[in-house]
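Line by line, the protein sequences are chains A and B.
The letter at position 311 of the first sequence is residue 322 when you use the working numbering, and the numbering goes up by one with no holes.
The letter at position 231 of the second sequence is residue 278 when you use the working numbering, and the numbering goes up by one with no holes.
In case anyone wonders, no lab produced these hints; they're calculated from the structure.
A few of these clues could be false.
Unchecked claim - Calculated lysine-lysine pairs in the DSS-like style (CA-CA distance at most 30 Å, straight line):
no., chain 1, residue 1, chain 2, residue 2
1, A, K429, B, K221
2, A, K429, B, K226
3, B, K333, A, K449
4, B, K81, B, K221
5, A, K449, B, K161
6, B, K283, A, K449
The lines below spell out each chain.
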Amino acid sequence: MDLNFTGTDVCAVNGTRSAPEAKYDLVVIGAGPSGIAAAIEGAASGASVLLVDENPVSGALMGNDTPLYFGGRMTAATQNSNRMLEAIFMSMPDLEKAMEAGVELLLGTTAWGVYRNGPGVQSLPEQVVGLADAERSWLVGFDRIVLATGARDLAIAFPGWNQPGVMGAAALQMLLSRYGAFSGRRIVVLGSHDLALETALLAKEHGLDVAALVEVRDGPQGDAALLAKITASGIVTYYGQSIKSSKGGLDGIESITLTDGTDIACDTVCVAIGLVPSIELVDAMHGPRALNAARGGYIPAGEPNVAAVGLCAGLPDTGFDHVAYRMDWVRAALRVNTPDTIICQCEEVTLADLIGIQPPNYLPRPAAIQARSLDTLLDDGPANPDQIKRLTRSGMGVCQGRRCRDQVAMMLAIESDKPFGTIPLASHRAPLRPLPLKILAEWDEPVAMDAAWDVWFGIPTQWVPVEDIGTEYQDAHREMLYTGMYK
Amino acid sequence: MSGSEVVIVGGGVTGLSAGWWLARSGVKVTVLDKFIVGWEASGRNGGGASHYSSPLFDEEQRLWPQMDELLGYPTEHQKGRILIAMTERQWEQYRFIAERHTRLNHPVELLDVKQVQEAVPLAGDNCFGGVHYKFGGHANPQRTVQAYAWALQDLGGKIIQHSPVTGFETAGGKVTAVKTANATYGCDAVVVAAGPQIPQLMAQLGVDVPLAAARAEMIITEPAPMMPLGGVDGHKIYGRQTLRGNLAYGGGPHEWLDVDAIGPAARPSTPLARNLAKRLAELLPKAAHLNVIRSWAGVIENSPDGRPIIDRLTSPDNVVVASMSSVGFGLSPASGHAIRDLVIDGACSFTNIDLLKLSRFDGLEKDWREKRGWMPIA
């Protein structure tokens with residue numbers, strides 16, 4: 012091949028991508044109260060508005076603790092998507108108002124990525140959001156986007172937490188208030204800040220037995236009025252305690268033991284220590300974000316044409332330091348968890364292997380790797396959750412790190428004796444929800460995409476065997492494998 | 048050269064392998080990396096280890112089966128690959144490749160549809176047949192990069208992360224030190240293996256290295272049951288089943304980029320994930336229900352002919368430059384050996400790498416990238 016030639020790289024991505032199926036002035040992700048309000052406001056101003064919400068998610072996804080930490084405590088009703096849809100409309104009367112206002116509404120539709128040109132990419136025809144339902148995926152263009160993705164559950168491991176019946180507060184609230192599909196009867200709530208108090212009261216209202224509140228700090232944390240209601244309802248709170256061990260059977264958790272030795276029978280442990288603003292889309296679109304301990308963690312830092320509303324923008328600022336509070340829980344967890352306590356449930360990474368930076372069990376552990384640990388890794392530089400993930404596989408699983416990413420970051424901060432804010436946020440990667448290949452696939456891709464498709468760069472000389480260079484075989488190779496690829 | 052000091056610029060798989068080989072020869076090695084070892088393309092690739100187009104191929108094949116033992120850390124190396132044809136045209140092309148391997152004495156076997164499905168149970172009846180390479184293989188890029196880094200440290204080598212190289216000190220026709228923002232590292236020799244950043248670094252030494260950077264993407268599924276053979280290519284995509292069971296696949300159009308002196312500003316993946324998903328669901332139809340759980344992108348550089356540049360300069364004469372031109376991971380055991388030989392002996396001991404000399408681009412026009420369309424989208 013003559014090195015100097017004038018041509019076009021026909022295997023470059025330029026001009027191969029499909030245009031979005033539709034375009035809206037405004038796309039709102041998340042049909043909670045804030046998202047609905049933003050959609051109605053947009054429609055009222057004359058904008059074309061699409062409002063999407065992933066709920067109801069499939070029973071399979073709920074079983075995988077996606078998007079919330081359901082802990083397997085859904086009733087069989089959650090397998091019925093029509094009943095679930097109905098439940099959503101019943102619990103959110105404003106959805107009808109939004110539709111009457113001209114908002115186009117898609118439920119059961121996941122926003123799994125937002126793509127736009129910026130550093131490292133200039134080939135997108137326009138900014139798009141990737142959507143998917145149970146049948147297919149597609150792209151939608153937008154001028155403005157409102158993220159109303161809410162907040163997800165924060166999980167913190169204790170011995171036996173990896174069994175059915177251990178779940179998050181947002182998941183429990185959703186199962187109780189929206190779907191009426193919670194299968195537990197007797198719950199222990201971890202935490203005593205507002206989230207825990209509200210969750211315990213809600214459970215009580217639904218006729219459930221709230222066996223106890225457990226608080227790692229020495230005194231109550233939440234709003235005084237809520238606390239008064241808890242006291243009035245006769246719910247016992249254990250202070251200065253966390254879960255030391257638990258027992259369970261086929262159906263999951265049966266009892267827990269606190270650090271002071273108190274045994275409490277329960278079929279559900281609701282981790283209500285905190286919620287994490289759902290900023291997956293912001294992170295995946297390389298949007299700016301900032302740590303704000305009073306707002307529950309990392310929140311969108313804001314930019315033109317990308318708005319965050321509701322809990323996604325941050326928890327209400329009551330002056331409470333959520334990060335310090337969570338760190339106290341993780342410190343306690345590090346004291347009571349045993350080396351074999353699983354931290355990453357999907358990949359079955361134990362605490363010992365996480366802190367020891369050991370490979371998964373299907374790999375050998377020669378002496379050299381057993382001598383490695385977080386301590387030796389820290390000699391090379393500050394802890395980076397993405398590096399820990401590569402080596403230990405924590406956060407690599409099908410729940411996409413929703414159950415372990417936050418606690419792993421906190422553990423890394425504690426073990427490396429650094430403030431939480433110095434630990435980088437583990438990256439979120441599209442698709443932000445598990446999507447089957449056949450759903451994600453662009454089955455009707457443009458002809459231009461296939462025409463440009465090569466297994467690698469399509470450089471004719473790159474794969475000619477060195478023995479064949481300058482022989483008749485070189486031309487035959489090019490003829491057979493690269494015809495027309497370079498013009 | 049035992050006891051001499053070599054600074055390696057770039058803690059990717061090529062630089063780390065070179066450092067490991069040099070440390071095995073008693074050289075005091077310091078690897079400088081702008082961020083964390085293997086953070087760019089070395090840790091973001093398909094993990095293939097079957098580069099029969101390279102003069103380093105025989106050495107690659109000799110070394111991979113020994114690497115876990117030599118390094119002392121697991122790489123997840125697995126032997127063998129299968130190429131599955133999904134169209135009549137692909138079947139014609141893959142049989143052509145098989146004939147070529149037979150001619151070059153690389154062991155291959157043509158497989159019918161049933162045999163393909165035995166080796167690759169996720170494959171369907173929709174394929175035309177396959178080619179089983181009884182050589183080559185695949186490994187885990189991220190684990191392998193860290194294995195090189197740790198093995199190098201075990202031999203006394205140093206790895207300095209978060210330290211982009213800012214320049215060089217030269218005297219008497221040699222580089223005498225490598226500079227970062229915080230320190231200066233004196234050296235007897237330098238290896239520049241900084242991937243897409245090579246041109247900007249080498250320009251400081253007055254040496255023109257023609258390379259162009261581009262972004263490529265991959266997708267990862269949740270784990271599938273382990274298949275007898277996990278290195279499965281074909282249908283114009285490449286990838287592997289990891290030892291955990293995940294399918295990791297890439298391929299398709301690339302996007303040319305400009306990179307900053309300290310590397311790409313970002314490595315965004317794009318909706319190309321959908322086109323990869325389509326092809327993977329076609330290649331392995333019994334995997335079509337599997338969830339995709341991640342996608343990612345990496346930035347790699349290519350030389351004008353797509354072949355590596357591994358060369359020791361004449362001036363300054365103690366500098367080896369090494370770009371693997373977008374196929375560095377699999378060849379890393381051998382590229383490190385070749386670089387070691389160039390640094391210590393001035394010539395590669397195990398194969399002729401004249402093909403990889405920088406001087407082959409002496410007649411290249413300055414605007415080669417513009418002329419052939421290897422330019423970022425304006």
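Results of checking the hints against the structure:
Restraint check for K429/A and K221/B: not satisfied, since their Cα atoms lie roughly 42 Å apart, outside the 30 Å limit. Annotation: proposed proximity of K429/A to K226/B holds, straight-line Cα distance about 29 Å (limit 30 Å). Between K333/B and K449/A the alpha-carbon distance is near 10 Å, which keeps this suggested pair within the 30 Å criterion. Distance hint between K81/B and K221/B is fulfilled; the C-alpha atoms sit about 23 Å from each other, no more than 30 Å.
Pair hint K449/A plus K161/B holds up; C-alpha atoms about 24 Å apart against a cutoff of 30 Å. Taking the CA atoms of K283/B and K449/A, the gap is about 18 Å. The hint holds against a cut of 30 Å.
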